[in-house]
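Assemble chain B onto chain A, guided by the hints.
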Amino acid sequence: MDEHVLLVEDDPSIREVASLGLEQAGFRVTAIGDGRDALDRFRQGPFDLVVLDVMLPSLDGLEVCRAIRRESQMPIVMLSARSELHDVVVGLELGADDYVTKPFELPELVARIKAVLRRSTAGPPEGAISAGGLEIDPAGFSVRKGGEDVALTATEFRLLLELARRPKQVFTRELLLELVWNYDYLGDSRLVDVAVQRLRGKIEDDPAQPKLIQTVRGVGYRFGQG
Amino acid sequence: MPLRRRLTIAFMLAVGVSAAALAVGSYFVVRHNLMSDSVASSERQARRNLAIAPTYLNEGTDQLLAAYERSTTGFLTAGIHRGRLFSSGPSAGVRQVPVGLQRLVARGELGYERKDIAGDHYLVVGGPVGQTTELYFFFSENGLRHDLALLRNILAGGVGILVLLAGFAGALLARQTLRPVGRASDAARSLAEGLLETRLPVDGRDEFGSWAQSFNEMAAALETKIADLSAAQARERRFTADVAHELRTPLTALVGEASLLAEHIDSMPPESRRPAELLVADVGRLRKLVEDLMEISRFDSGQESVHAETVDLGALARATVRARGWEERVRLEADEVELTSDSRRLERIVANLVGNAVEHGGKDVTVRVARDGAPFVEVSDRGPGIAPEHLPHLFERFYKADAARSGGGTGLGLAIAQENARLLGGRIEVWSEPGEGTRFTLRL
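Keeping their order, the protein sequence lines are chains A and B. Just so you know, we're using numbering that gives the first Met the number 0 here: the first sequence kicks off at 0 and counts up by one. Just so you know, we're using numbering that gives the first Met the number 0 here: the second sequence kicks off at 0 and counts up by one.
Same shape as in the complex, but just chain A (with noise of 0.2 Å):
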């Protein structure tokens, strides 16, 4: 696969095991301990993921996050102490696709990484969709709003699919994180809830007042009117 990921850690011994691991399990990897330096990098690119932690000198995560999405939607995977789940929130707001607590063993890293990445690869041709108001075509990750593009990350193109195929299906929580995040147990419920409160931000008309993924109090979402 050969994929580049850009790892920002500033701890030497994780960046050094991680970058180890990454390797091993095919990445290239370009590891970076600073937050402002990383951002540099990143601009000088190409990268196909990054892998950022919270804390950090100079720049935290959380920043490095903002910036980057200003300007991209790569996969973001966020590095996060269990004590800093506050901040997990936040970054997934800001448009982190997923994320992994720390202490973690690399195969969690690496399955969470290629997890991502499977989200921007495309699946099988299929034809485009449309539905209220939107065209989404899966083959070449887009959509248009009105006839114009949306810029979605590879994880809200995903979850807004899964949805849109199935128009008016209640989708569970779990199922989501099932069928988008590729777990296969008890991932964390929130991951899914921050990624519909972004998507509804770009796609609908009125966030506020969600009329294409809609809650189904108790339950999960659905899509279009019921």
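It is possible that part of the hints are untrue.
Within a straight-line C-alpha distance of at most 25 Å, the following computed SDA-like cross-link-like pairs (lysine to any residue) qualify [claimed, not checked]:
| # | chain 1 | residue 1 | chain 2 | residue 2 |
| --- | --- | --- | --- | --- |
| 1 | A | Lys-113 | B | Glu-262 |
| 2 | A | Lys-113 | B | Leu-260 |
| 3 | B | Lys-287 | A | Asp-192 |
| 4 | B | Lys-287 | B | Phe-298 |
| 5 | B | Lys-287 | A | Glu-107 |
| 6 | B | Lys-287 | A | Ser-12 |
| 7 | A | Lys-210 | B | Glu-308 |
| 8 | B | Lys-114 | B | Val-162 |
| 9 | B | Lys-287 | A | Ala-207 |
By construction, these hints were calculated from the structure, which means they are not laboratory data.
Same frame as chain A, now just chain B:
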């Protein structure tokens, strides 16, 4: 009996006794004086009567009685003249004169004695006239007795009223006096309930005032002490949290290194293979311990929050057992039990309880999910059981009932499970009988 009533009664008694003593004393003084006056005036009258008697006696006793009648009123007369009895009326007669007085008069002396005749009180004064005549004068003391009776009643009434007044005053005084006691007991209660800033008002320089001051000093000392203790505890917890936090970074590196190492164990030379395996396993143990410590310190700092959603407890228990590969060793009797709770925490609790049972209980692990008023999850086994002396401490941190049982656990699992249960508004109960088995029940 309450102190207030006792004080009131004591006050009434004190006032009553002293007032009664005073009344009785003064009554007797007055009585003595009145009676003495009565004797003196009666004697004076009697002497006058005796003095004028010889003049009239020559003309007969009737003349004498008539003269007495004329001269004054207020007494009756009886007498013996030359062996003959006479009297001024039927109600007074020589026969009614006490014998002692008669003897005195017979010896030629003036004498008196008191005598009640037909319900009337008389002072009888008698004296001789010459050798042949004895005269007795009956002075009525009815008025005197009536006055004394009146005085008695007035005094008794007065004492009664005083006692009543003393009762009111005593009750009032007792209440006034005991008010600080009531306030103090209220203060002590609120202190006991944890309102450590409770203080008593210090008013006045009496004993209660100084007592209130001492009480306040005690409360202040207590408050300082407890503040110190909780500061120390907070420091301790802060320290635990800091330690766990600081351990996290090197631990993350360790865990990564160990998982890299684990992938290459097979290609290692035989002499380094076993140490590498141990290293990987021990890093796993260390990771678990640090994660548990961090979780406990999050509970301590109150950082944990509940993420509530609709959960099917039965499905959750089934998923938990399946996810951990315990299906072979655990029998499930899980009804569909819906509730609003935090599925992640429930899953942790159930996993902990079932994990313990599988690890220590060994055989016949049963997980039952049902509802008896409230939803519950019951995890039972037919293992060796837990000795009764360990049961009360089972949920304490790092408590290990049995060195052999501690196995791979961190000693924090049940403490965390209980904290989780508490956070969800439930609790975990334990029943165990050595030789019979153990049953943990999560009630929500």
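Evaluation of the provided hints:
The suggested pairing of A/Lys-113 with B/Glu-262 holds, with an alpha-carbon distance near 18 Å, which does not exceed 25 Å. Between A/Lys-113 and B/Leu-260 the CA atoms are separated by roughly 21 Å; this keeps the pair inside 25 Å, and the hint holds. Restraint check for B/Lys-287 and A/Asp-192: not satisfied, since their Cα atoms lie roughly 29 Å apart, outside the 25 Å limit. Between B/Lys-287 and B/Phe-298, the direct Cα distance comes to roughly 17 Å. Compliance with the 25 Å bound is thereby established for this hinted pair.
Between B/Lys-287 and A/Glu-107 the alpha-carbon distance is near 16 Å, which keeps this suggested pair within the 25 Å criterion. Proximity of B/Lys-287 to A/Ser-12 is assessed by CA-CA distance (about 20 Å); at most 25 Å being required, the pair is judged to hold. Our distance criterion of 25 Å between C-alpha atoms is met by A/Lys-210 and B/Glu-308, whose separation comes to about 23 Å. Taking the CA atoms of B/Lys-114 and B/Val-162, the gap is about 37 Å. The hint is violated against a cut of 25 Å.
Distance hint between B/Lys-287 and A/Ala-207 is unfulfilled; the C-alpha atoms sit about 42 Å from each other, more than 25 Å.
Violated hints for the displayed structure, listed by number in ascending order: 3, 8, 9.
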